[in-house]
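Trainee: Dock chains H and R against the given chain C, drawing on the hints supplied.
Chains as they are written, first to last, in my numbering: chain C, 18 to 489; chain H, 18 to 489; chain R, 18 to 489.
These are calculated hints, taken from the structure and not from any lab test.
A portion of the hints provided could be inaccurate.
As the list makes no split between identical chains, a pair holds if one copy fits it or if it spans any two.
Derived DMTMM-like pairs: lysine to aspartate or glutamate, alpha-carbon spacing no greater than 25 Å straight-line [unchecked claim]:
hint, residue 1, residue 2
1, K345, E311
2, K360, E278
3, K340, E278
4, K148, E473
5, K233, E170
6, K49, D467
7, K147, D241
8, K167, E153
9, K485, E289
10, K485, D319
11, K345, D226
12, K345, E153
13, K360, D300
14, K27, E472
15, K167, E139
16, K290, E110
17, K27, D469
18, K167, E110
19, K484, E122
20, K360, D299
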Amino acid sequence: MVRPMLQLDKNRYFSANPEERRIARHLFDLVKDLPLLCPHGHVDPKLFAANEPFPDPTALLIIPDHYLFRMLYSQGIPLESLGVPRVDGGAIEEDHRKIWQIVAENFYLFRATPTGGWLKQEMVEVLGIKKRLTSETAMAIYDEIQDVLKRPENLPRAMFERFNIEVLSTTDAPTDTLAYHRQIKESGWKGRVIPAFRPDNVTDFMAADWQHNIEKLADVSGIDTSSYAGFIQAIEERRARFREMGATSTDQGVTTPFTIELTADQAILLYEKAMRGEATTDDARLFTGHMIMEMARMSIEDGMTMQIHPGVVRNHNPGVYAKFGPDKGCDIPSATDYVTNLKPLLNKYGNETRLTLIVFTIDETTYSRELAPLAGHYPAMKVGPAWWFHDSREGMLRYRRMMTETAGFYNGVGFIDDTRAFPSIPARHDTARRIDARYLAELVAEHVLDLDEAEEVIVDLAYRLSKKNYRL
Amino acid sequence: MVRPMLQLDKNRYFSANPEERRIARHLFDLVKDLPLLCPHGHVDPKLFAANEPFPDPTALLIIPDHYLFRMLYSQGIPLESLGVPRVDGGAIEEDHRKIWQIVAENFYLFRATPTGGWLKQEMVEVLGIKKRLTSETAMAIYDEIQDVLKRPENLPRAMFERFNIEVLSTTDAPTDTLAYHRQIKESGWKGRVIPAFRPDNVTDFMAADWQHNIEKLADVSGIDTSSYAGFIQAIEERRARFREMGATSTDQGVTTPFTIELTADQAILLYEKAMRGEATTDDARLFTGHMIMEMARMSIEDGMTMQIHPGVVRNHNPGVYAKFGPDKGCDIPSATDYVTNLKPLLNKYGNETRLTLIVFTIDETTYSRELAPLAGHYPAMKVGPAWWFHDSREGMLRYRRMMTETAGFYNGVGFIDDTRAFPSIPARHDTARRIDARYLAELVAEHVLDLDEAEEVIVDLAYRLSKKNYRL
Amino acid sequence: MVRPMLQLDKNRYFSANPEERRIARHLFDLVKDLPLLCPHGHVDPKLFAANEPFPDPTALLIIPDHYLFRMLYSQGIPLESLGVPRVDGGAIEEDHRKIWQIVAENFYLFRATPTGGWLKQEMVEVLGIKKRLTSETAMAIYDEIQDVLKRPENLPRAMFERFNIEVLSTTDAPTDTLAYHRQIKESGWKGRVIPAFRPDNVTDFMAADWQHNIEKLADVSGIDTSSYAGFIQAIEERRARFREMGATSTDQGVTTPFTIELTADQAILLYEKAMRGEATTDDARLFTGHMIMEMARMSIEDGMTMQIHPGVVRNHNPGVYAKFGPDKGCDIPSATDYVTNLKPLLNKYGNETRLTLIVFTIDETTYSRELAPLAGHYPAMKVGPAWWFHDSREGMLRYRRMMTETAGFYNGVGFIDDTRAFPSIPARHDTARRIDARYLAELVAEHVLDLDEAEEVIVDLAYRLSKKNYRL
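Bound conformation, chain C alone (with noise of 0.2 Å):
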């Protein structure tokens, strides 16, 4: 057989049934060309601040995306041989040719994930390749993208504009200075590149060289951290510097949603423990979430919208956290519970209608149990998109299906792409409005809701709902 070209059908993802596709395609027209906007994601600030073109494919598509890599070392390739960098400096595949053809010969693996559908995209439409990545073209290909990579209309800050971002927003520790972000804002460059203000290496006890986070945010923050006092203090300054580079919400990573409100005595208790070098992982626990109500109360002070990511048993697999550190597809999500750990923060919180907490999970049996019924009546919160492995076709269908009937549309807060991958942030975004566009194709065929109606929700989805609830 003929292998076929490279090519996107423009009514892929939606529907085969004619009626409903024809719907999608309505709505998808009214959507496709809508600024990107992305309040949530992992892209690096540098990249803008230097605006350097990127090196090579592998360099760009490959080594950096742990969703692409995790799937090859599945089948029994080794991290080396795909170039990911070991923490002990030991020898890898240093030849980015050979990567890419290991990459091409095992392409099929990708077939109907989202990492293949994205990275099909990227290809034709940011690269402009249209010949198939397989095992006999990898080399042609190599060369192509090499070439589209070298042109200045492929700098990152051109891609930025060509892409039509409205503001990306990056995630930074409290400890960041928040350099790269400056040095954008004082380039001249027009491009809105903001921080996210995510605590987790000074919140959580546990984190990776705690004690030294601790000293370094009183280096950024100018205020002594020695005192839970101080610690707090300086939490609020940077949050407020944060602000001043054009943040507008916070994140926290967190295991478990578990939400405690302590006295001021029991907090200074278990930060002077920590500071001592002697905190258990249940003191850990507790302060987490006892910072998460801190983070609430600074929320409704300074109007950042908050965000809550739980859920995530990360670096399940010691012996390749050992050999390459944390963020190398070993985390997995767990069961969660929301409705018992989050009553304390929203007993407390959860009225305040000057408050926008946003709560991601990536176990979706708490869509329709916990999430929706939850979003359904607190006025402070709003659930997340569909996030992470969900971050997929079948994954937000089920999101909408599972959520809408209970919360409706209007207590979601629209995409968020949550990538490292800054060339796959227009594929992310063309999947996730596409799959609206779908789903509200079949509510309209169905006779559920009226064709203005959807064009009405389809906006929301694609840019209101962000635009409102990420107070951009």
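Mentor: This is chains H and R only, laid out in the frame that chain C set:
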């Protein structure tokens, strides 16, 4: 854009696939005019005893409907402004036109929700409204509904007959005198309104005013409830009186489906402790678990169908509870284990063909994992239909898809509307019958069932299973 | 209405969307005649050793099938009346015609269930029945099947060949002598019937007759099992004998997937305690968790594929168990945690490419939350197909939808029929191949996969993945 009229497509909620839609239409037509069996609900019997006109649109449709105002509240609209009565009698909005206007302006929040669908159908089919509810049309529609409600054909009893309700069960505490049921019976009106026996306010030591309820139970039964033996006897006596008023079923709302068989001595000790006002939460859990067993025993003796509704964290929001009381949209589902919890009950009574035990869930993960396998084995156990938040298009489809392959159609019990909102009853049954027709049409189109089989099943689901399992 | 003939539509189980149906048909045609690989099942090897005619329809289709009689039992039909043997040898229905009549009269209970679908297909394609099974046709069909079973082409070995089975694995205890397997081998018949090594009866202290099993293990292996070291050696010896008889895999059925690495001393102490008859439930849990680790070690050494089947509460109904013994439809799934429980095993052996560890689940919530993320990372781990209650049209579709986007197609292992019911094997594989064709057709119609990709994947799912992962 011209806003379309308010209209109900005759094929709404069916699949957009023409073949499936045609078959669904055919199947739905077989049941759409069957009488409504309403064996489980919360309509106030006073409505039919008094048979007075409904006061106004807001009093009829908004203020009593916690599904509706919970969504408005989630978007920051205070409950006071929606006329929800405060426990302390504090000031609330009294102008029902103003409340109606707020609802109209925020009616977009209900897009794709069951509340939105039911209300739309009620307005068209029960109240004859032809315009969409918007900010502009709100007052005109209010006036129109006002007029409609004054007509004799819209008195409660007339509506009951027009809705073609064959039997409607209310839900009543053992301490209830059933005066309204008696009044209805003695009025000569032929409408069959029956009570259901729900003993939570006396079986749960943690119920508000438990000791007072125990005294009321003594009053209403004429039996001394100061001892455990008297308490049990009083419950049996009340069950007998309920049966005299037509009751065919009992219901228990419990936090978990925990069951346990206590010895008589253990039960007595717990009861005495509670009577001294010393019962702990754990005592309450044990006693409730024991009383589920006792209720099963009584059901075997007196033939009443037994229902259990577990898995809801009641009054999750203490702020709203303190101000507005229970049933204000603050009940949140939580993960529920049936396999371990129901084991004592099923081991003792599950093989008993004289018992019909209907188990409900609000944790959808238990459909295919626990409830279908249990109901597909134990003769006594049946699974209640998709309940509460899941009594919706998608929710009912998920129920059928996850339940049928293991439990079959015949370990279910037909639809229940479980509503306080009397005029929404036809819309709720209509939706359920449509979704069942849609599901069966899919099975016929995919050659899983023959058409004549589906024709039989649709009538079973819409009518016969309910009649049989609730012994109507 | 005239009851239609019993017929199987050639497009059954495909989507009713014409485009998807056409593609599904095309894909299914590519695999429908491929040989059947049956690497996991419970067919009795004696069947092929003896090669005697099947006795009668009831003995063949009803009495050994706990899927079937559990449903009848759930509707109040006593197991005695279905001919299920009692442990105490008490009276049961002996008239197989009467039993067949009961099944026929209640056959509507199986509408839309996998059991109903398989049986229908068996009757049409294996037994040549043309009439529907009803109260009226029951006896005529019984006679017809009786005749059919006497023909030489319906002897077990002839059926095996006619079904185009390439290899069929039974499941056998270490204490089994494999006499039937030897007999088959020595008979000169070419049918490949191999054992699989399932050591539960000696690795689980709580297994019925554990101490007796340990003695039998000594007998059959010729190794003294009075010490832990001897026990391990005997297991290794039995694995070697199983491999000689063709075994390529092991299987462990465990309550939870709990794993733990004990020291040799800890293991010895537990084993000695159990030998003294003093082991507790918790001891059994620890030892089983340890033996999973040991089995992984042995698999790395001898190359056998390793399977784990956790999450089932066995014999939930003690009344039925006491009367009728195990495997009577009383095993109920329960919520299962893989992320924490498998961590010790995966941390020690999960990065090992020589190991193939196939993990099954009966808790569907773990597909997208735990199993796909784990299998999409750890090289050793694969996910078994939709299992037990979920080996059904909807169940297999849910499996594909929730597994594929994160784990891809290639961290699965193909279909297993897992059946005791030999004549149902073709129907089971046919159903699985249809559902995979349907799922892939949807992906092609929605432009997620190109057709040529789907053509490759369907063969992988129907044949190649099983061959590779079970090392057939």
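Trainee: Does each hint fit the structure? Answer for all of them.
Mentor: Hint check results:
1. For a Cα distance limit of 25 Å, the shortest separation of K345 from E311 qualifies neither inside one copy, at 31 Å, nor across copies, at 28 Å.
2. In this assembly of identical chains, the alpha carbons of K360 and E278 lie at most 25 Å apart only when taken from the same copy (11 Å versus 32 Å across copies).
3. Taking the closest pair of Cα atoms, K340 and E278 come within 25 Å of each other only across two copies (22 Å); inside a single copy the shortest separation is 38 Å, beyond that limit.
4. In the homo-oligomer, the alpha carbons of K148 and E473 lie at most 25 Å apart only across protomers (19 Å), although the nearest pairing inside one protomer, at 38 Å, exceeds that limit.
5. Taking the closest pair of Cα atoms, K233 and E170 never come within 25 Å of each other, the shortest separation being 38 Å inside a single copy and 76 Å across copies.
6. Taking the shortest Cα distances, K49 and D467 sit within 25 Å of each other both inside one copy (21 Å) and across copies (24 Å).
7. For the homomeric pair K147 and D241, neither the shortest alpha-carbon distance inside one copy (58 Å) nor that between copies (68 Å) is at most 25 Å.
8. With identical chains, the CA atoms of K167 and E153 are at most 25 Å apart within one copy only, with a shortest distance of 24 Å there and 57 Å across copies.
9. Taking the closest pair of Cα atoms, K485 and E289 never come within 25 Å of each other, the shortest separation being 40 Å inside a single copy and 57 Å across copies.
10. In this assembly of identical chains, the alpha carbons of K485 and D319 lie at most 25 Å apart only when taken from the same copy (16 Å versus 59 Å across copies).
11. Taking CA atoms no more than 25 Å apart as the test, K345 paired with D226 passes inside one copy only; the shortest distance there is 19 Å, against 47 Å between copies.
12. Taking the closest pair of Cα atoms, K345 and E153 never come within 25 Å of each other, the shortest separation being 29 Å inside a single copy and 56 Å across copies.
13. Taking the shortest Cα distances, K360 and D300 sit within 25 Å of each other both inside one copy (20 Å) and across copies (24 Å).
14. For a Cα distance limit of 25 Å, the shortest separation of K27 from E472 qualifies both inside one copy, at 19 Å, and across copies, at 22 Å.
15. For the identical chains of this complex, K167 and E139 are intra-copy neighbours only, at 16 Å inside a copy versus 63 Å across copies, given an alpha-carbon limit of 25 Å.
16. Taking the shortest Cα distances, K290 and E110 never come within 25 Å of each other, neither inside one copy (44 Å) nor across copies (52 Å).
17. In this homomeric assembly, K27 and D469 come within 25 Å of each other (Cα to Cα) both inside a single copy, at 23 Å, and across copies, at 19 Å.
18. Only within a single protomer do K167 and E110 lie at most 25 Å apart by alpha-carbon distance; the minimum there is 24 Å, versus 66 Å between protomers.
19. For the homomeric pair K484 and E122, the shortest alpha-carbon distance between copies (21 Å) is at most 25 Å, but the shortest distance inside one copy (42 Å) is not.
20. In this assembly of identical chains, the alpha carbons of K360 and D299 lie at most 25 Å apart whether taken from the same copy (19 Å) or from different copies (21 Å).
When the structure is compared with the earlier hints, violations turn up for hints 1, 5, 7, 9, 12 and 16 and for no others.
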